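Enquirer: Each protein sequence line maps, in turn, to chains A and B. Sequential numbering from 1 applies to the first sequence in UniProt numbering. Sequential numbering from 1 applies to the second sequence in UniProt numbering.
Quick caveat, the hints were computed from the structure, so don't treat them as lab data. These numbers come from a predicted model, not from an experiment. For each residue, glycine too, the CB sits at the ideal point set by N, CA and C. Take these hints with a grain of salt, some might be off.
[Unchecked claim] Residues from chain B shown here face chain A by an in silico Cβ test under 7 Å; the list is partial:
| no. | residue |
| --- | --- |
| 1 | Arg-11 |
| 2 | Met-14 |
| 3 | Pro-66 |
| 4 | Val-238 |
| 5 | Glu-268 |
| 6 | Gly-269 |
| 7 | Leu-289 |
| 8 | Arg-356 |
| 9 | Met-386 |
| 10 | Gly-446 |
[Unchecked claim] Distance ranges between label pairs, derived from CB positions:
| no. | chain 1 | residue 1 | chain 2 | residue 2 | range |
| --- | --- | --- | --- | --- | --- |
| 11 | A | Gly-130 | B | Glu-268 | 27 to 37 Å |
| 12 | A | Ile-205 | B | Arg-222 | 54 to 64 Å |
| 13 | A | Asn-233 | B | Asn-99 | 17 to 27 Å |
| 14 | A | Leu-67 | B | Leu-359 | 51 to 61 Å |
| 15 | B | Tyr-3 | A | Asp-173 | 21 to 31 Å |
Protein chains: 2
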Amino acid sequence: MNYAELSESLRDAMEKQDTVAIESLVVEFQPADLAEFLHEEEVDVSLKILAHLDIEERAEVFGYLPLNTQFDVSEEMTAEGLAQLLNCMESDERADLFNLMDEDRQTAVLKLMAQEEREDLRRMASYEDGTVGAIMTSNYASVPVTDTVLQALDKVRKTAPDAETIYQIYVLDKLHRLVGTVSLRELIVSRPTALVSDLMVSELITMSPDQEQEDASRLISRYDLLALPVIDNQQRLVGIVTYDDAMDVAEAEATEDILKGGSISGLEGSIKDASKFMLYRKRIFWLLLLVFANIFTAAGIAIYEDTISKYAVLVFFMPLLIGSAGNAGSQASTLMVRALGTGDVELSDWARLFGREILIALALGLTMAFAVAFIGHYRGGQDIAMIVALSMVAVVMMGSLLGLSLPFVLKRVGFDPATASAPLVATIADAAGILVYFGIATAILGL
Amino acid sequence: MNYAELSESLRDAMEKQDTVAIESLVVEFQPADLAEFLHEEEVDVSLKILAHLDIEERAEVFGYLPLNTQFDVSEEMTAEGLAQLLNCMESDERADLFNLMDEDRQTAVLKLMAQEEREDLRRMASYEDGTVGAIMTSNYASVPVTDTVLQALDKVRKTAPDAETIYQIYVLDKLHRLVGTVSLRELIVSRPTALVSDLMVSELITMSPDQEQEDASRLISRYDLLALPVIDNQQRLVGIVTYDDAMDVAEAEATEDILKGGSISGLEGSIKDASKFMLYRKRIFWLLLLVFANIFTAAGIAIYEDTISKYAVLVFFMPLLIGSAGNAGSQASTLMVRALGTGDVELSDWARLFGREILIALALGLTMAFAVAFIGHYRGGQDIAMIVALSMVAVVMMGSLLGLSLPFVLKRVGFDPATASAPLVATIADAAGILVYFGIATAILGL
């Protein structure tokens, strides 16, 4: 049965309170699919269904729920039930949930957890949002550097039920410092008497827990890693970031950049489920800011009000010209925001790219000028044609160079380059474009 | 040594032709880093350095090069050298390279390859760009369904040097049909005499080779898979897609959507290295199209030329109003493009989201109207204030609803919803905004 059929049947069984059917259906779901089903149901339905799973499966399905839904469901659990669930959850996921609870609830739940898990949860919950620490897990497989392959395999077998991955195994010295990694692939093809220290790779790619998640995701993707070890400033292993969490981070970062590119402030979680007020808040800031930025364009127009009332035809070409400035600028900034975002381009590349953009923008501007010169000639004669063509070359170049440079400037002063959204660049290019256009017009018409 | 130091030293050793130093340096690089180094050097330097690696390492480093660079370097190799390299490359990567070669070269190289590899290459090269077939690899680990754990582990050990992953093992029946998967984790913790058929998972997530890469990447991310099996229409296993290729696909898709959002047609590979002509070509199409779309806005202005020459103050508010229509529209379309792209929102959600947007856009419009009414009053009195405020509510609502709907319409008729770029939505909203604004003005001023 596919997801649609399964959810149909499960909904049916829930209505009929057919416990046997429910029990046999829930185990047929992929954990991620059952989580999606629960996310669409009421909290009390979720609780009932979760109760049909054994604790390991329950923790896995629960971990796939969006964080807010996890919290809503957890609020209806007893402290005992919740503590039991937390014991079995992945260490990064339970820390996120823990951080949402109020203090009383945190204390109550901590008290009921096993000591080792409690300490782990306390430590993991202390890492700030957005840091590597907040997405790493402490459930890794490790062996002492003195082990033989046989000993190591034995240890890995014992770790298997709890570790998030046993395919990368971390080799530690007596002081818990990371000295190497060995893959399970390497272990199973090696002689049982071989030493782990002879097989391990010791050129390691590592991060520290306070670095940015985005960078961890980039390293995992660049080096095709299964997991990235995280060490403290004394080289001690504190956790690992697995590739599946890195994929989630990369997707969330791409979403953030895309929304910023449309001048929407960061929005977490599903766009479909976001509340009206949340969406209002995330959008009004930039809309208002851009209205006030548009006043500069308006002021530019006000300066040339005399010219406009004498040559009303000039207003006709305004949207074409300032639109083109904005569009060329949006293109250039979009390219740079993405290239800076993926690490394709560095701050130091600006000068070379600026040089390249001058030529590209000139070619774009000339093509566009050619296209609009005819319309200019038709609507207003030779003078207007020349004004429109010259202005077009000027505004396309200005918009492009501005769009290219703004993300670099923002990054340089410590802002997210993605703040250089298409609407922001377009608005700035508009204001400058008006001045260029009417400036050229005034000069040529001799006003 | 970090990457910068390593490349510095290697460049140094190359200049001095210090073979011993070169040999010891190249093995210190991570394969992905050495590829980056080679990418920045001339082809002949790359060839020299690659010659210092054994064939397995050479194939791995070579596989990390951008495809165009791979091709340039391969063109300088002998047919023998290239055939040897292709023998060791990953099956999806070599198929991409193979497809770039001219026919004579393809024939020459194929002749020199081992028969098994040749057949694999022929088959893999036949899948179309963008399909699952083009990123899948045929180097997977498989065992017969009749095996015991002991037998399976033995087979996996033998496959280990060639398989891209041995952590997911595919269980096949006599007709090569996929009947289940078992993880290496499961195998190493189970009794040696247990049957694979008792351990395997048989509820499988699979794809067919002609489906879209994007969907494979989405499934891998959703279900946290290490690899996704690909089967033909007779259930036979033809390959697997691994998580690292899925990450690359997800990144490329995000880049494509971001660039489309800035009205730049799809650009493959590095933005930094793209040629000037290529960038010109990718940008001019939309710039020209949008100029002609802006003519509608201009035509709107032409209709109201009389109104404008009587009330020049109306021109002052033009950029504020049409800018806001465009900005609100860009926001709404950006949200929907991303939500449709990640699968957060489906076509069938349109009506509900449209309803939500009416309320959000009304709130946004009222806030904006409040902000500009004062400026309207200051610059032109009560009538102008009312015109500006009314127009603002109308254009923000119109822009938002249009921006929200356009991606759905595009998707419905079979286009990529990401074509609803910020500049396109802004341009359409501008044209409609002009009509609304001057229409309201003409009505209120009784012209």
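Enquirer: Which numbered hints are broken by the structure, listed smallest first?
Expert: 1, 2, 3, 4, 5, 6, 7, 9, 10, 12, 13 and 14
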